[in-house]
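> Residue 175 in UniProt numbering sits at position 175 of the first sequence, with consecutive numbering throughout.
Source of the hints: derived by calculation from the structure; they are not laboratory data.
Just so we're clear, the structure is a prediction, and the values are computed from it rather than from any experiment.
Ideal Cβ placement from N, Cα and C applies to all residues, glycine included.
The reader is advised that the hints may include incorrect statements.
No more than 25 Å apart at the CA atoms, straight line, and that leaves these computed lysine-lysine pairs for DSS-like [unchecked claim]:
1. Lys60 <-> Lys12
2. Lys12 <-> Lys243
3. Lys243 <-> Lys60
4. Lys97 <-> Lys70
5. Lys116 <-> Lys60
6. Lys70 <-> Lys12
Pairwise CB distance ranges (calculated) [stated by the list, open to error]:
7. Gly138 <-> Glu256: 14 to 20 Å
8. Glu38 <-> Asn192: 22 to 28 Å
9. Arg174 <-> Glu40: 37 to 43 Å
10. Asp125 <-> Glu153: 22 to 28 Å
11. Arg139 <-> Ala190: 18 to 24 Å
12. Ala190 <-> Asp211: 19 to 25 Å
13. Asp235 <-> Arg44: 22 to 28 Å
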Amino acid sequence: MRIATWNVNSVKARLSNVLDWLRSAEPDVAVLQEIKCETEAFPRFEFEALGYRLLVHGQKSYNGVALISKHPIEDPMTGLEGDDGDAQARYVEGTVKGVRVCGLYLPNGNPAGTEKYDYKLAWMDRLHRRAGTLLAAGRPFVMGGDFNVIPEERDAADPHAWVGDALFLLETRRRYRALTHLGLTDSWRALNPTATGYSFWDYQGQAWQADNGIRIDHLLASPELADRLETCVIDREPRGRDKASDHTPVVATVSE
DNA sequence: ATGGCTATCACGGATAGA
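Using the sequences and the hints given, assemble the complete structure.
Given below as structure tokens:
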């Protein structure tokens, strides 16, 4: 079973690129971030034509996430618990073939020292609580998405450029580490322990051409799922295309 | 580098991203 995450940066602007990739990579399940459209405006037909079922949680203009699956999606859920006043569409959850798949778009948080950063940290605390709840259930799950967290210096081509940034601040990384300390496994890092790999390259400054990237898109596997991990790769191909998203997909394979 | 690209909304330029 192939599980993917991809921040597409607008599902409408990226439609042909996303569909092309789905046809070639054939993930069983994928979580998409920054669809940037309302739920009703998601290009449902085009995805269904490729055999995908959809769980969409959108909003106008910004954010928006989706879970797409070749298999039935059971117990669908949208929104991350813990703040009834949070109107931003950043979280979706559903069970596919016995695996609880969580798709998330973690707040960017810049600039640090503002309410935006406070929102990011609070959101991470809520995610931590959700992970604890799922761990207590004892069933396999994966939290995948754009975490907007550079876990370590080696996850940035130019780590000094990120000092003071909300993606790399100690408080941010500490909270990410709290998730792994709960027992979640960073799938790509676990299977590529000494490799360098990035999942995002800025549109500016020739970042892609210079491979000046950061690794911020992650698939965190629960212990039950980590035992089944076979491969995890960052697929750089879509990033090199015309009209590319600034993120590229991360794909894990788990035994059934 | 004072984020020098991109998408959205809405039709100019602000807002957000990372």
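> Could you see if the CB distance from Gly138 to Glu256 stays within 14 to 20 Å?
With a Cβ separation near 19 Å, Gly138 and Glu256 satisfy 14 to 20 Å, so the hint holds.
> That 22 to 28 Å hint for Glu38 and Asn192 (C-beta), does it hold up?
Once the Cβ atoms are compared, 37 Å apart, the range 22 to 28 Å for Asn192 and Glu38 is violated.
> Would you say the C-beta atoms of Arg174 and Glu40 sit inside 37 to 43 Å of each other?
holds, 39 Å
> Does the alpha-carbon distance linking Lys70 and Lys12 stay inside the 25 Å limit?
Satisfied, since the Cα-Cα distance of roughly 21 Å is no more than 25 Å.
> Would you say the C-beta atoms of Asp235 and Arg44 sit inside 22 to 28 Å of each other?
holds, 24 Å
> Lying within 19 to 25 Å: is that true of the beta-carbon distance Ala190 to Asp211?
holds, 23 Å
> How does the Cβ-Cβ distance of Asp125 and Glu153 compare with 22 to 28 Å: does it lie in that range?
Holds - the Cβ-Cβ distance for Asp125 and Glu153, about 24 Å, lies within 22 to 28 Å.
> Is the hinted pair Lys243 and Lys60 satisfied, with a Cα-Cα distance of at most 25 Å?
holds, 21 Å
> Given the hinted pair Lys60 and Lys12, is their alpha-carbon gap at most 25 Å?
OK: Lys60 and Lys12 at ~13 Å, within 25 Å.
> Would you check the hint for Lys12 and Lys243, treating anything up to 25 Å between C-alpha atoms as holding?
holds, 11 Å
> When you take the CB atoms of Arg139 and Ala190, is the distance between them in 18 to 24 Å?
The hinted range 18 to 24 Å holds for Arg139 and Ala190, with Cβ atoms some 20 Å apart.
> Decide if the proposed pair is consistent with the structure: Lys97 and Lys70, CA atoms, cutoff 25 Å inclusive.
The hint holds at about 10 Å.
The structure is inconsistent with hint 8 alone, although it conforms to all the rest.
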